[in-house]
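Chains V and F supply the protein sequences, listed in that same order. All residue numbers for the first sequence refer to my numbering, where the first residue is 271 and numbers rise by one. All residue numbers for the second sequence refer to my numbering, where the first residue is 9 and numbers rise by one.
Some hints could be false.
Stretches of chain V that chain F covers, calculated by requiring three or more beta carbons in the stretch to come under 8 Å of a beta carbon on chain F [said to hold, decoys possible]:
1. 470 to 477
2. 551 to 559
Derived contacts from chain F toward chain V, CB cut-off under 8 Å, selection only [stated by the list, open to error]:
3. M33
4. V64
5. Q93
6. F105
7. T107
8. H214
9. M216
Everything labelled a hint here was simulated from the structure, so no lab data went into it. Backbone N, C-alpha and C define an ideal beta-carbon position, used for all residues, glycine too.
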Amino acid sequence: MSTPTRAPERGPGGGGIATGTKRRGDGLFRGTATGAGVLILLVLAAVAVFLVYEALPALSPDAEVDGGSLTAYVGPLLFGTVLAAVIALVVATPVSVGIGLFISHFAPRRAAQGLGYLVDLLAAVPSIVYGIWGIVVLSQWMVPVYAWLTDNLGFIPLFAGPASASGRTILTAGLVLAVMILPIITALARDIFLQTPRLHEEAALALGATRWEMIKYSVIPYGRSGVVSAAMLGLGRALGETMAVALVLSVSNVVTFNLISSTNPSTIAANIALNFPEATGIDTNVLIASGLALFVITFLVNFAARWIVARSGAKA
Amino acid sequence: MSKLIDVSDLNIFYGDFLAVEDVNMTIEPRAVTALIGPSGCGKSTFLRSLNRMHEVIPGARVEGKVVMDGQDLYDKDVDPVSVRQHIGMVFQRPNPFPTMSIYENVAAGVRLNAKRMKKSDLDDLVESSLRGANLWNEVKDRLDKPGMGLSGGQQQRLCIARAIAIRPSVLLMDEPCSALDPISTLAVEDLIGELKNEYTIVIVTHNMQQAARVSDQTGFFNLAGVGKPGKLVEIDSTSTIFSNPSQKATEDYISGRFG
Ligand SMILES: Nc1ncnc2c1ncn2[C@@H]1O[C@H](COP(=O)(O)OP(=O)(O)OP(=O)(O)O)[C@@H](O)[C@H]1O
Ligand SMILES: [Mg+2]
Chain V
271 MSTPTRAPER GPGGGGIATG TKRRGDGLFR GTATGAGVLI LLVLAAVAVF
321 LVYEALPALS PDAEVDGGSL TAYVGPLLFG TVLAAVIALV VATPVSVGIG
371 LFISHFAPRR AAQGLGYLVD LLAAVPSIVY GIWGIVVLSQ WMVPVYAWLT
421 DNLGFIPLFA GPASASGRTI LTAGLVLAVM ILPIITALAR DIFLQTPRLH
471 EEAALALGAT RWEMIKYSVI PYGRSGVVSA AMLGLGRALG ETMAVALVLS
521 VSNVVTFNLI SSTNPSTIAA NIALNFPEAT GIDTNVLIAS GLALFVITFL
571 VNFAARWIVA RSGAKA
Chain F
9 MSKLIDVSDL NIFYGDFLAV EDVNMTIEPR AVTALIGPSG CGKSTFLRSL
59 NRMHEVIPGA RVEGKVVMDG QDLYDKDVDP VSVRQHIGMV FQRPNPFPTM
109 SIYENVAAGV RLNAKRMKKS DLDDLVESSL RGANLWNEVK DRLDKPGMGL
159 SGGQQQRLCI ARAIAIRPSV LLMDEPCSAL DPISTLAVED LIGELKNEYT
209 IVIVTHNMQQ AARVSDQTGF FNLAGVGKPG KLVEIDSTST IFSNPSQKAT
259 EDYISGRFG
């Protein structure tokens, strides 16, 4: 790049090409924006460094950890974290897409608006409230459901039972998480569906598509990558959610795909919340090491989401 | 397969705004009817009311009659979806389904109408439709490539192939050549000349030479002023409209002395 030649300085009203002064706003803006970006990176790096540093004592092979080794302790937690988040995602994504489509393409304008507000409102409810709702209401509702599931579908390992009498299972926790991530996925999905180009919708309609067929032919293909990234955002939130899970789940440190029994793996975030206040010495380091694992997983999920979106975006 | 369409006392609204007022016209079968007129006079609006695409816009509605085959298309028990299966449409800007291949784009209409078809029959239909749209030779080696990978003119002919694949009786075209280069335009015009042997065609165009070249009858729309509804000034055989129109406004518009 060559340096631009500066016009000779002139007095005000001289009519020449303006130089220098007008750019001050630009410079200020660029400075602040760059500063903010750098600050975020620094904070992230600081968090990572802190986690690694504090986790180091627990990472050494001769550290004394409950349950034998660090992997034996963190493994089930990691498993529980991912399992609960995946349950939440599997339940929440189809429901969110359904509600999003209903709001964007089916509901009469007035009803759509009301429903939209309601969904946004759900996003604003603090997670502790969901936790209380999960333990007081949902887990009670689920007790007979779980009993029915073991009796009738017990041959599927997921529902092997014996059914939990309290209803406080990993499935309940997953369902609470699903309710929590529903609003964010729904809101994003709705916005994407609303942006479907008219031209694509009319292409389908003009061929004699019904409303549902129009959605299948134009709205869903258009929104697919957006829905994937919305789901990944939801997954990120589900992975890190603490209070709701800590309240709902009755835990033992196991790895099992049995979703409805009274022995359930805990999740990393909930485990930290429950145990950190009383932890001392090496136990603190172990908990922080598990936090490091969560940090890494969340990062991986976000990268995966970006990769998926970039790939499907390039195709369309 | 082509059909005669009889339009009587048609008023077309966007909410409370009357966009097109009191249209009466007969659209001849196996012929090309061109609609011309200044921008904003309601040509697209009128065209879209012929296959009930107008009403997909929120608040849009129609009063009056559009009769095809003795059946009023706006009758209460007529399903707009089936109207659109009989009256196909090609848009101003090519709009192939972006995620679908060339083959799937052409087959889309048939799949939609839930007709079960043997693979070989479907292959034949896709080929004949693409041939009908003068596109077969250009794409026969890459039917499984995305439709968006074609040039603008090819995409527009793909959209025509998609429209004729469902064997409509009538084909509506809204400025089908406005986004195309002269060569693609000629290809589409030739195609229109061939298609009129089988279909009733209504085409909106801003290009007077095009109207003169391709159409058998021409309708001239005009509007009295901003905010006033558009009206059909006259409709007659194309040669009459271009040589000896009965209305002064038509003559002014055609000779470029408009406004
Ligand atoms: N979706 C819409 N909502 C409200 N008014 C509309 C809508 N589409 C068109 N109109 C109005 O209806 C009138 C006719 O528009 P139309 O698009 O039919 O004109 P046109 O003759 O096709 O013009 P052009 O030659 O520029 O395409 C115009 O006044 C326009 O502003
Ligand atoms: Mg138009």
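A quick look at each hint next to the structure:
| no. | hint | verdict |
| --- | --- | --- |
| 1 | 470 to 477 | holds (count 8) |
| 2 | 551 to 559 | violated (count 0) |
| 3 | M33 | violated, 21 Å |
| 4 | V64 | holds, 6 Å |
| 5 | Q93 | holds, 4 Å |
| 6 | F105 | holds, 6 Å |
| 7 | T107 | holds, 4 Å |
| 8 | H214 | violated, 19 Å |
| 9 | M216 | violated, 26 Å |
The structure fails hints 2, 3, 8 and 9 (numbered hints given earlier, in ascending order).
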